[in-house]
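A.B. asks: Given chain R, work out where chain S should sit, using these hints.
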Amino acid sequence: MADNRYIEFIELLIDQTKANELKWSYLDENKELVRRMGWYNETVVFSEYFFNEERSFFCKIGDMNIVLLTPNNDISSALYVIPYTFRNIVVLDFKNYGEILTRLANIVVARFPNADIFITDFIRKPEREAS
Amino acid sequence: MPSADQINFFAAFINHIAESKLWQALAIFASLASLVFSTYISVKAYKINRIIKFNETARLYNARRYTYFKIFRGHRTSILKDDLKTDLILKNILEDVEGYAFEFKPLLGYFDIFHLYLFKRQLKKDATKADFNIICNYLARFSGKTRRREDEKNG
Chain R
1 MADNRYIEFI ELLIDQTKAN ELKWSYLDEN KELVRRMGWY NETVVFSEYF
51 FNEERSFFCK IGDMNIVLLT PNNDISSALY VIPYTFRNIV VLDFKNYGEI
101 LTRLANIVVA RFPNADIFIT DFIRKPEREA S
Chain S
1 MPSADQINFF AAFINHIAES KLWQALAIFA SLASLVFSTY ISVKAYKINR
51 IIKFNETARL YNARRYTYFK IFRGHRTSIL KDDLKTDLIL KNILEDVEGY
101 AFEFKPLLGY FDIFHLYLFK RQLKKDATKA DFNIICNYLA RFSGKTRRRE
151 DEKNG
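So the sequences go chain by chain: R and S. Counted the way the working numbering counts, the first sequence spans residues 1 to 131. Counted the way the working numbering counts, the second sequence spans residues 1 to 155.
Excised from the complex, chain R in its bound form (with noise of 0.2 Å):
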């Protein structure tokens, strides 16, 4: 069952990420909080990680990191709220908040540079200045 109180919250982090309030990474650039939660198996031979290195970010407010991950091989994401001490965290998960939770991933998605719309971006731009 969803509850109000975090759609709302998940509706503020749109509202504020929209602003550039909030400052989103990609969740892989943050080694230590991803070890510790557990989401990177690191062997002498390999190293992997257990989500979608491309559709999952994360953002600091105060000590507080927000991070939305998309699992591999899903997709179907979830917003974890992860204090610094790593302990009483809330999962947002796509049951209850899917919708919500894939309009702040195109949200955030945005926010970062994409090789394959530079490409069209940069073939369009010659018919853009012709016309």
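No wet-lab data here; the hints were simulated from the structure. Be careful, since some hints might not be right.
[To be verified] Once the Cα atoms are required to be at most 27 Å apart in a straight line, the calculated DSS-like pairs of lysine-lysine come out as: (1) S:K91 - R:K95; (2) R:K95 - R:K60; (3) S:K120 - S:K105; (4) R:K95 - S:K44.
Since this is a predicted model, take the numbers as computed values, not measurements.
C.D. replies: Showing chain S alone in chain R's frame:
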């Protein structure tokens, strides 16, 4: 070791079968019957295989339909509420629509396949040329479709 009499008797019996019209007719009938029977078995096996695949996909669909429902609704809200009308959102929607089509292909009817084709055509356009109203309508159509549970077939 068989005696010469036994060998002769066996050879005579084989000769009799080879020359007998009745035995020849029986052989032709048996081979035709086996052809019909094996064709029937092949068709049946193909149909059973299709039903098994359909039921597997139906189970997967029933488990994941709410995920797609929320994803399609989320994309629609991104376009309508957040005014995200960019190439990037088109690519993201296309990725999810391709995933949906790929995962649930055996469940899609001709009408759905036709609409998916038109939907993907819109999504492959530039953001400047794509009609976001049509895209929202298709997102509504496919998220609405996921409300219905898919029943398994019994044969």
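A.B. asks: Which of the listed hints are broken here?
C.D. replies: Going through the list in order, the structure violates hint 4 alone and respects the others.
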